[in-house]
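Line order of the protein sequences matches chains A and B. The first sequence begins at 1 in my numbering and counts up by one. The second sequence begins at 1 in my numbering and counts up by one.
No lab work stands behind these hints, which were simulated from the structure alone. The reader is advised that the hints may include incorrect statements.
If the Cβ cut is set under 7 Å, some of the chain A residues that face chain B in the computed set are [as the list claims (entries may be wrong)]: (1) P41; (2) A235; (3) I321; (4) G323.
Note that the structure is a prediction, hence the values are computed from the model and not measured. Where a beta carbon is used, it is the ideal one built from N, C-alpha and C, also for glycine.
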Amino acid sequence: MKILGIDTSGLVGAVAVADGDTLVSQFSIQYKTTHSEILMPMLDDICRKINLDLKSIDAIAVAKGPGSFTGLRIGSATAKGLALALDVPIIPVPTVDGIAYNLYGLEKIICPMMDARRNQVYTGLYTFVPNTSEDKGCERSFDMQVIHEQFATSIDDIAEKINEIGKPVVLLGDGIPVYHDKLEELLKVPYSVAPMHQNRQNAAALVALAAKYASEGRTVSADEFAPDYLRLSQAEREAKENPNKNHELKRQDMRKAPGLVRIREMTPEDIEDAAILEKTNLGKEAWTRNQLTVAMTRDDTIYLVAEKAGRVVGLCGVQNISGDGEVTNVSVAADCRGEGIGYKMLKQLLERGRGIGIKDYTLEVRAGNTSAIHLYERLGFVSEGIRPGFYDDPREDAAIYWKRNQE
Amino acid sequence: MKVDKKIEDDGVIFMSVKNSEEGNSEKINDEDVTILAIESSCDESAAAVVKNGREVLSNIISSQISLHTIYGGVVPEIASRKHVEKMNGCIRAALDEANVTLEDIDAVAVTYGPGLVGALLVGVSEAKAIAYAINKPLIGVHHIEGHISANFIENKELEPPFVCLVASGGHSHLVVVKDYGEYEIIGQTRDDAAGEAFDKVARAIGLGYPGGPKIDKAAKEGNPDVFTFPQAKIADAEYDFSFSGLKSSVLNYINQAKMQGNEINQADIAASFQKAVVEVLVDHSIRACSQYGIKKLAIAGGVASNSGLRELMEKECADNGIQFYRPSPVLCTDNAAMIGAAAYYEYKKGVRFGMDMNAVPNLPLGDRERRFHAGKHSNSMN
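Next comes chain A alone, as it looks inside the complex (with noise of 0.2 Å):
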């Protein structure tokens, strides 16, 4: 059987070609290339220099995540479309479990730990155990056993979980420069780090892998195989949040802290108060209560306000127009100011509007308001043209500033 490897579900972009137990080639490069654009040329490559027909392939194994989305992505519509058109079936790999069968025959703890950002690995646990039934005299041939499968979780909850079996753990992956220091504090067992030919996603391993389970019929068509991503997309999974359950914890929070200053969403219990600091600023420009509570109920819209010694002294507003995050109110009580209240409150707001979609942001300030454009500036806020006589009471023109992403 022969069997085309593909995983670029990390840096490592990786090929290999394995031909019942030959392995006929590999090309590997960890690197920071962009997969879409060597992935094909390696293949390419490795076609010419082995005389490779690619009508000879049986099949096409794929890391098929977790991993970063886009490489994932990559990587699976490549073996898609070469699946399609060669009329031959996917494997699936895990590619946690590609990355662990790297240490194929070792009987420790095996754990590999892809940095997932946001304070998480991909990981799980394995070890390989001896296959009685297929001894010949001395040699033996091992089983990967899986102890915990992949899943995404805190470098907490999986040292918690090596320290439980306490047993010799040998750690692999591109989390473990990430996290080394922190894994160092919590592990209380004997640990070592794979050497670098054998800790990264590896094709050959992964076809390895890919024709134990091809043996066992774990195939899937074509069409029907879609990347395994162990996380929603951040839109899917904000909206899945509770917002109100934070509240409450942030609430019981700021109790034992009463002279700091917190930022957190604002609730129905903190309209009055709101309104009362719009009024006090803005005189007839103040939204009012009614303004308020319906700009903090729709979906589109984020409001904060900064709370100090149970009361509220700063609020904060977006709203989410198709991508456009244009910032409605931004008031901080008078003897508050120069704490950096404006600013800490802006910031969770910019970072927060990206999970409800928005990439660019807008806001129109009066021009003379130099301390609330200095505010925006230090924010990425840019200039970008004035709205004449925009205000009255008194007239005045209002600067339109935009933060736009740079990506």
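Mind docking chain B on chain A? Use the hints.
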């Protein structure tokens, strides 16, 4: 054009667009060029088989729009994930419906920009893999050139030179199509694209997403002369557009009305806003025709299916002796048949892309990214 629709379990709408007039009975000859085209730049996964640039043998569109509605716009990560799930099915359906196999395909074409990078990469990766596996040329197509080329499908007599107004959610361009594959941009938006302004205003007056069709519909019930919203003129570039001032002016009106506790009339705002946008688009297009001495005007992109735009364009073109071309509404949305049409003329010119082709999210029109062309790289094919 006839559209067969089927709603799948996950809410994705699977469509097969058929040309009701043409029977696809003609056999493919040796000299025919049959292109498999793939498109995934935004929230539509699409595949089509196109013969000789103008004959659409199949046109499959898998639209995810209903999945994004609750978020008020396309969520790139969700779109990209769906493309991976749906693309193979689209390609298979396109081949089946055209009654061809991959062996009959002469080239694989794909949109490689502009668009959402994650979404584009799915189509690009699939196209490269298939082209490589069947050992046929790969052709990268600019999404907007695709939209412009949609006009070739139903107007067999349309040939360059002509003026084309491209207006969609991401683009507002006024283009002189000098020859096949040769474009001069004479005007573009300084800020929001026309379709973007439609989306934002629709959102603000509570019509929801997608804004274009919803405003178009509401406008029919409203009076376009209730409000006079500003139409920006750009002093040093007479064909450029600016829709952000217009959008802000509508939003300011709404905010004021809300603050004063006044009801807003959705239909009147929609009608007045649409009129302001459409008048600018038509005015620029007609002036470009007369200044460049071209008597052919085409429109393309999602906004081209706006009924207000079509009506005013038709009238103004008739008054000025200009022949007006427009694709059927279904060909104005993102589809792969238009990519196959554009790719045919690239194919004829000998354009071939290398296996290092990447998605280019901000690919400029006309001045195309040449670095992925086969020939410069050792991995060239054919």
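Comparing the hints with the structure gives:
1. P41: 5 Å, holds
2. A235: A235(A) check passes; min Cβ-Cβ to chain B is 4 Å, inside 7 Å.
3. I321: Interface hint status for I321(A): holds (5 Å vs cutoff 7 Å).
4. G323: 6 Å, holds
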